[in-house]
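K.L.:
For this one, chain A is given, so just place chains B and C on it according to the hints.
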Amino acid sequence: MKRPRIGIFKFTSCDGCQLSVLNLEEELLDLVGLFQVAFFREATDRPLRGHLDIALVEGSISTGWQRSHVVEVRERTRYLVTIGACATSGGLQALRNWTSIEDYKKSVYPSPGMIETLPCSTPISDHVYVDYELWGCPVGSDELSETLASFLLDKRPGIPGYSLCMECKRKGTPCLLIAGSAPCLGPVTRAGCGVLCPSLERPCYGCFGPREGANIDALLNVFRKKGLSPHECSLLLDKMNTYSYRKARSREGRL
Amino acid sequence: MSVPATARKLKKEDLSCVFDQLRASHRVIGPKIEGGVIVLADIDVHDIPAGFEDRQAAGSYSLIRSDRPEIFSFSAGPDSFKRFLHPPVSEMFTFRRSRTSMTITPSGREEKPLAFIGIRACDLSAMKLYDRIFLEGPVKDNTYASLRSNAFIIAVNCCRPGDNCFCSSMGTGPEVKDGYDIVLTELRDSFLVESGTVRGQDLLARLALEEATGIDVDEKAERTGACIRAMKKSIRAEELPGLIYRNPDHPHWADIAERDLECGNCTQVCPTCFCNATYDLVRLSQVSFKPPGLSGVRVRKWDSCFSRNFGRVHGGNFRPSRRARYRQWMSHKLAYAIEQFGLPGCVGCGRCITWCPAGIDITVEAEALKDAR
Amino acid sequence: MHDRSTPFEATIKWTRKETRDTFTCAIRISNRDIQRGYRFVPGQFNMLYVPGIGEAPISMSSSPLDRDIMHTVRIAGDVTTALSLLGAGEVIGIRGPFGRGWPIEEAEDLDLLIVAGGLGIAPLRSVARHFMKTHSPKKKTAHPRRMLLYGAKTPKDIVFRDEFPRFRDIFDVFLSVDRADPEEYWRGETGLVTQLFDRLSLDPVRTIVFMCGPEIMMQTSVRELILREVPEEKIFVSMERNMNCGMGICGHCFFGPKFVCKDGPVFRFSEISGLMGIKEL
Numbered sequence: 001m002k003r004p005r006i007g008i009f010k011f012t013s014c015d016g017c018q019l020s021v022l023n024l025e026e027e028l029l030d031l032v033g034l035f036q037v038a039f040f041r042e043a044t045d046r047p048l049r050g051h052l053d054i055a056l057v058e059g060s061i062s063t064g065w066q067r068s069h070v071v072e073v074r075e076r077t078r079y080l081v082t083i084g085a086c087a088t089s090g091g092l093q094a095l096r097n098w099t100s101i102e103d104y105k106k107s108v109y110p111s112p113g114m115i116e117t118l119p120c121s122t123p124i125s126d127h128v129y130v131d132y133e134l135w136g137c138p139v140g141s142d143e144l145s146e147t148l149a150s151f152l153l154d155k156r157p158g159i160p161g162y163s164l165c166m167e168c169k170r171k172g173t174p175c176l177l178i179a180g181s182a183p184c185l186g187p188v189t190r191a192g193c194g195v196l197c198p199s200l201e202r203p204c205y206g207c208f209g210p211r212e213g214a215n216i217d218a219l220l221n222v223f224r225k226k227g228l229s230p231h232e233c234s235l236l237l238d239k240m241n242t243y244s245y246r247k248a249r250s251r252e253g254r255l
Numbered sequence: 001m002s003v004p005a006t007a008r009k010l011k012k013e014d015l016s017c018v019f020d021q022l023r024a025s026h027r028v029i030g031p032k033i034e035g036g037v038i039v040l041a042d043i044d045v046h047d048i049p050a051g052f053e054d055r056q057a058a059g060s061y062s063l064i065r066s067d068r069p070e071i072f073s074f075s076a077g078p079d080s081f082k083r084f085l086h087p088p089v090s091e092m093f094t095f096r097r098s099r100t101s102m103t104i105t106p107s108g109r110e111e112k113p114l115a116f117i118g119i120r121a122c123d124l125s126a127m128k129l130y131d132r133i134f135l136e137g138p139v140k141d142n143t144y145a146s147l148r149s150n151a152f153i154i155a156v157n158c159c160r161p162g163d164n165c166f167c168s169s170m171g172t173g174p175e176v177k178d179g180y181d182i183v184l185t186e187l188r189d190s191f192l193v194e195s196g197t198v199r200g201q202d203l204l205a206r207l208a209l210e211e212a213t214g215i216d217v218d219e220k221a222e223r224t225g226a227c228i229r230a231m232k233k234s235i236r237a238e239e240l241p242g243l244i245y246r247n248p249d250h251p252h253w254a255d256i257a258e259r260d261l262e263c264g265n266c267t268q269v270c271p272t273c274f275c276n277a278t279y280d281l282v283r284l285s286q287v288s289f290k291p292p293g294l295s296g297v298r299v300r301k302w303d304s305c306f307s308r309n310f311g312r313v314h315g316g317n318f319r320p321s322r323r324a325r326y327r328q329w330m331s332h333k334l335a336y337a338i339e340q341f342g343l344p345g346c347v348g349c350g351r352c353i354t355w356c357p358a359g360i361d362i363t364v365e366a367e368a369l370k371d372a373r
Numbered sequence: 001m002h003d004r005s006t007p008f009e010a011t012i013k014w015t016r017k018e019t020r021d022t023f024t025c026a027i028r029i030s031n032r033d034i035q036r037g038y039r040f041v042p043g044q045f046n047m048l049y050v051p052g053i054g055e056a057p058i059s060m061s062s063s064p065l066d067r068d069i070m071h072t073v074r075i076a077g078d079v080t081t082a083l084s085l086l087g088a089g090e091v092i093g094i095r096g097p098f099g100r101g102w103p104i105e106e107a108e109d110l111d112l113l114i115v116a117g118g119l120g121i122a123p124l125r126s127v128a129r130h131f132m133k134t135h136s137p138k139k140k141t142a143h144p145r146r147m148l149l150y151g152a153k154t155p156k157d158i159v160f161r162d163e164f165p166r167f168r169d170i171f172d173v174f175l176s177v178d179r180a181d182p183e184e185y186w187r188g189e190t191g192l193v194t195q196l197f198d199r200l201s202l203d204p205v206r207t208i209v210f211m212c213g214p215e216i217m218m219q220t221s222v223r224e225l226i227l228r229e230v231p232e233e234k235i236f237v238s239m240e241r242n243m244n245c246g247m248g249i250c251g252h253c254f255f256g257p258k259f260v261c262k263d264g265p266v267f268r269f270s271e272i273s274g275l276m277g278i279k280e281l
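Residue numbers (our numbering), protein chains in the order written: chain A, 1 to 255; chain B, 1 to 373; chain C, 1 to 281.
Chain A on its own, in the form it takes in the complex:
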């Protein structure tokens, strides 16, 4: 049997999710054995040629070149999976979507005219069809491994759609929101991280993004009652998944 061809791509991002691929450690050898790595800028500088069976895409779309390149990747790929918050949700850089990009350019760069960028940073799914989205900042190695195995087995990966609270309770982690009165985003955030922060007594800040149908406004009401101002509430959401939380708020506030 021919090994499926895999490509790993990067757009606007910090490379952390690609590093998660390298962090598969011993499983990285299995990956190389089971797949033919046709493109991986982080590891080799071979150019992209031919078709791909699966593409892992990191990073958001924030330039005109990226916008056309992601279409090219999609056209060459049977199965496209986004990895991490930037590719899935626009990333931290999507914070600029609600400000003026021109102001930023002027304040950061001496010659702002040289900077070519789009006014918004957007997830891959705003541009091309995405088969699967893996969330997280960075993406979880377990989910990545299971997704790649699922691809080989021709089944849908078992990415959980329920809240982080479910994972927290299974693990028996004391609830920071209730026993610690901390503004924890667990109830509206997807499970999948393995309860990294709450296990260390840090409230969830939503790096796995909003769960499908999350009732975000209801949670913010709870935080308001705990004494947070509306501004503090929105700051909680304005992180690497700001674009998705804002979209989810406008869409899912209803029943």
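These are computed hints drawn from the structure, not numbers from a lab.
Glycine included, each C-beta is placed from N, C-alpha and C at the ideal position.
Warning: the hint list may mix true and false statements.
[Unchecked claim] Simulated restraints on C-beta separations: (1) A:GLY33 / C:ILE216: 48 to 58 angstroms; (2) C:GLU163 / B:ASN309: 33 to 43 angstroms; (3) B:ASN309 / A:GLY194: 35 to 45 angstroms; (4) B:VAL364 / A:ASP238: 26 to 36 angstroms.
P.N.:
Chains B and C only, in chain A's frame:
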């Protein structure tokens, strides 16, 4: 009051003797403070949070030092026996498959039987429901059966209700009625101990305790009675099944859905919620092309009717709205379980109230459900 | 009784394509002892397991008297797709049988009306084959009368199309399709299965009905039958829900207070009439 033949007295400082009796043969599970919360874990006698009291409200929990002399002055935390008898994540079996053969190897279970210390009446009622679900249905569940079969139960009668407790209106507490090997009632200066089984009796015999008197038994009645009187919450247990069956389209369901986070916390802390999902886990390292084959593990995890995929089948979802998902949960607790198993699906422990981030209180929501006039 | 939470091995004897998206696969349990102890009733189901992919609840479409256990499957999710790719000689896991089946004995001396829609014919083919095996062919009797109503989307979607001539040996068969393209040369009825009721002359006191199909079809069919004074107690319907364990311990298949996996999938309509029509139950 007449004194039961098995009633004995145990000095408070001798509670450790019970641990000593059990430790060799059992894994002893009981209450312990972790991260500001009373959880259930492997414990020794000094782990019991003696002198602590919990303050609970809808969506809030804290522990304070108690000015009361009792050892068991606290009430239920988020954990219950279900974490141990129906583990949150359990491995069912491992599998190996090639084109023409498959091997399935059931996963081994813990050898040492469990002993639960300090289990309350509400949770014993929940355990009885679990027995009906996992042992007394048309098919017995092996995982639960193996963990349950030799479990030793040391129950405690509640003398102080938790702030969110309503067991007396559910008829499930505060006094332990059955399902225990030994039950303790904490009196002023000692424990009144009674055995409910032969093995409980044997254990007490080994401790060589003095016999209890009528005064002790009277004090027990007085203390559990005081607990009932102090309970702040109640629910219309008798009327609710009918109300729920008659009102699937009550506007209040939509009202709850506005506040409901559908995070599933209530279902995870509920001692009667048993829903679970099973799936195959295959990692990259377990797939091979030459020769074609794979191995992996089948895992069972707690699930929740609040999760969106719970009612999903190919091509649709039987409960797409939050309103329907909340209704399903509450109906199951207060109405369906009685029809299914002859026991209430809610034992009045109040955990779902405390551990709901949105502070949704089942007793308040149930009160709002009325027949249309 | 064998353990039913762990699958046992079965070998695929043959598979056959039925329609563009359905197929039948016949399996035989590998272990002789388990094979001997395995007994099912038409209407019950097995959990078919492809290790690594998962399980799917599939009702038996063969008669208990058939040598092999047959399942007729629609290719819908990962498990059914994986099953469709397996061939003779390959192995799968099975758990079962689960659930409550059709009350065959109660139907023995009554007029039996089978109403099926789409793939809902699968558990009823089990009933049909049972009657064909236990009754001498070509002896259609006036009483008890046996009728089979079947509706499919299009002529191409009729499952077991080549078997209907044999069903006609003991059943009065009425077929209907929702729509037929002109090039399909469909000369039968077009329209919903419910309109076929007008063609029957039912004797409501001695009729028993077995029904399986989409929920909406079953609801309208039951309404038609009640109009014709067939009592709810004599109407049996097979329900569908998400199933995971098959044995009443996982909670996925709740239909109100009913466990579809162990109280059903076949229900006496009177048991569930109050639940039918409640939205998102």
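K.L.:
Evaluate each hint against the coordinates.
P.N.:
Checked hints:
{"no.": "1", "hint": "A:GLY33 / C:ILE216: 48 to 58 angstroms", "result": "holds, 50 angstroms"}
{"no.": "2", "hint": "C:GLU163 / B:ASN309: 33 to 43 angstroms", "result": "holds, 37 angstroms"}
{"no.": "3", "hint": "B:ASN309 / A:GLY194: 35 to 45 angstroms", "result": "violated, 19 angstroms"}
{"no.": "4", "hint": "B:VAL364 / A:ASP238: 26 to 36 angstroms", "result": "holds, 34 angstroms"}
Hint 3 from the earlier list is the only one contradicted by this structure; the remaining hints agree with it.
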